[in-house]
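There are 2 protein chains.
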Amino acid sequence: MDAQKYALEYKKVLTQNVLPFWLEHGMDKKNGGIYTALDKDGSVLDSDKSVWFQGRAQWAFATAYVEIEECEDYLTACESLSNFSQRHCFDTDGRMFFRVSADGKPVIKRLRYFFSETFAIIGAAAYSRALQKASKHEDAEAQRRYAWELFQKMEEIRTSDVLLPKFNQENAPSRGFGVPMILLNTAQELRKALPEKKDILNQYIDDLLDDIKRYFIRPELKCVLEQCAPDGTIQSDHFEGRLLNPGHALEGSWFIMNEARYRNSSELLELGTTMLDWMWDIGWDKEYGGIIYFKDALNKSATEYWHDMKFWWPQCEAVIANLMAYTLTKNETYKERFILADEYARKNFLDTEDGEWYGYLHRDGRLSTPLKGNMYKGPFHIPRMYIVGCELLR
Amino acid sequence: MDAQKYALEYKKVLTQNVLPFWLEHGMDKKNGGIYTALDKDGSVLDSDKSVWFQGRAQWAFATAYVEIEECEDYLTACESLSNFSQRHCFDTDGRMFFRVSADGKPVIKRLRYFFSETFAIIGAAAYSRALQKASKHEDAEAQRRYAWELFQKMEEIRTSDVLLPKFNQENAPSRGFGVPMILLNTAQELRKALPEKKDILNQYIDDLLDDIKRYFIRPELKCVLEQCAPDGTIQSDHFEGRLLNPGHALEGSWFIMNEARYRNSSELLELGTTMLDWMWDIGWDKEYGGIIYFKDALNKSATEYWHDMKFWWPQCEAVIANLMAYTLTKNETYKERFILADEYARKNFLDTEDGEWYGYLHRDGRLSTPLKGNMYKGPFHIPRMYIVGCELLR
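Protein chains in written order, with our numbering: chain A, 13 to 406; chain B, 13 to 406.
Check the hints yourself; a few may be wrong.
[As the list claims (entries may be wrong)] Just the calculated beta-carbon pair ranges, DEER-fashion:
1) B:K312 with A:E84: 49 to 59 Å
2) B:K312 with A:E36: 17 to 27 Å
3) B:K312 with A:R99: 26 to 36 Å
4) A:K148 with B:Y388: 50 to 60 Å
5) B:E36 with A:S278: 50 to 60 Å
If you are wondering where the hints come from, they were derived from the structure by calculation, not from laboratory data.
Glycine included, every Cβ here is placed at the ideal spot set by N, Cα and C.
Produce the complete structure using the sequences and hints provided.
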């Protein structure tokens, strides 16, 4: 494996194909912010804006600026995203919307989640690092302060009773893996921007890792549960309790390996690679290649009818997780899997004609829809794969 | 076409395959009510109960009793469903839940809808007719009274501000086709059980038909919109505004043809058959057969990644709509389409081994998951197809 060649290729696709697609077609020159609901050729399919993606795109452009290339367009995009988000994406109660109109009027507010907030936090944290690198120290400081304040506000929301959970928590209590996983990444990104908060954030991360280990890691089933009972047991008589999401678990596995790297912890490395091994075995399609979307933990009939489709983002997570595991362990199995996952994504998802990846394939690799984005797909997982990949390959 | 042969076959599949599957595996002998999350062989995949299906199953068993066969088991099932629903499916505010536990504890309450209520209404209305036929006049009267009271309660909910719409109605106002369509069917079923309320219900239906004609029928696009702007124009710059749901529109088309039959109205027959013609052209898959799930009204890239799958219920609606159109117009095209849709469903969905239909096929007819039910699939569309089919074929 020629790491140098891979690194060059990753940088090239990121800076000449993926990010330009979003800069050219996504960024809204009139109102600010980004459209993500784009067709194959970049034309706008839906003029509403995803609040998640105002933060996620900010993260992607800012991190590319810090880690890959000091391109002025990335900073300009971040400024537009940051202003649009701060001006238009907050309700009067301090919580963020989920979807706003082109000119920033509220369209949908999610009652159960605080993920608009987490993505705004990592967007601001990364932007502060980019501004720092561009020697705009005052602006960097303002973004840092903003990220920290929003983190505290998010914690307030999360630990209060303003959220309306989907399931009645008295009669059907459960824990979701998504929450500690996304919070782990949020805290890691925040720590990069605010080194002075390191101790608080390390403690916060310790608690999240404890939760993940205690509740979601199930050695007797060799899997990471996506949802479990409050005590961590599998809710085997419910669809949601048996549902495995390999892409999600692979994403979590490399957040944990990243933490292992930061802390030089062999115990965390062991945890991350174990999660990766289990969920690769469950998720990788040995017949057609690619990571499928859902599996049933007890091998019962799938509940979601599109369970065997190949989405873009689980492939990104499989690439990063295996490359990171290889970098940290030098175990050749991970190298082979990285090559497999990378090749699958390149051949099946990348559009070298109009730029960016497709998002949705049938199990056998046929395209389901040629669109490039919507309220859930935009510049995040794919740029992150190339950015983290470059860093690991160097 | 040998109508007699079809009628015998429809009755046989309904009474010897479909309803027995649900009676045997779905009905909960311990707690009452019905489980619908069943695997291929009828084993329970999720022990929660769908509130929609406590009402919908009641409708199916009761209507089969009235229209097809006076089977005591159907009445017993209705009693169990009715008791479970009345005892366990209502919140203290008078609204119904969406999902409850096996023993009837609240699990999910939907904040946007009143469809649990509409299905409880048609369940009680049909049950009252079955009880009447069984000469249980007092019980029939109680069910009639209950259905009417719940209809008024549902109207109160629908026209008040207790529901929380998904989209901000100030900035992103819209109308959904599902609402007048389901209310139309609710009023039609109620009218059968409460002939003394005929005048009120006819007026109510007139208003719904006006809404459907005014807002959702788009001759310039030759389609029935699933969602539109408040004035009926297409919301062409939004995914949801361009989304066509052929199965839904076909269902609406035969509710309207049924009304044409009731009123002997050639104008309504013209409306129903026009809806059918448009949406058959859009929805029928000329390559593989079957009605696909979603299409884009302006032929832009599909937004839902599973848009081209074949679900059970749109096939049921295509069968009924074409058979009804043929019965009312004698136009041979509808006969041919009925034969096509019926054959597609029989070959691809019906499980002659364990009973009941499968629910979810890939576009080319391959099974996506072999389960027979979940919170959205249970005894409703399929029994209804056989019941209404028998009636039309006689």
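Hints and how they fare:
{"no.": "1", "hint": "B:K312 with A:E84: 49 to 59 Å", "in the structure": "violated, 34 Å"}
{"no.": "2", "hint": "B:K312 with A:E36: 17 to 27 Å", "in the structure": "holds, 19 Å"}
{"no.": "3", "hint": "B:K312 with A:R99: 26 to 36 Å", "in the structure": "holds, 30 Å"}
{"no.": "4", "hint": "A:K148 with B:Y388: 50 to 60 Å", "in the structure": "holds, 52 Å"}
{"no.": "5", "hint": "B:E36 with A:S278: 50 to 60 Å", "in the structure": "holds, 55 Å"}
Going through the hint list in order, the structure does not satisfy hint 1, though it satisfies all others.
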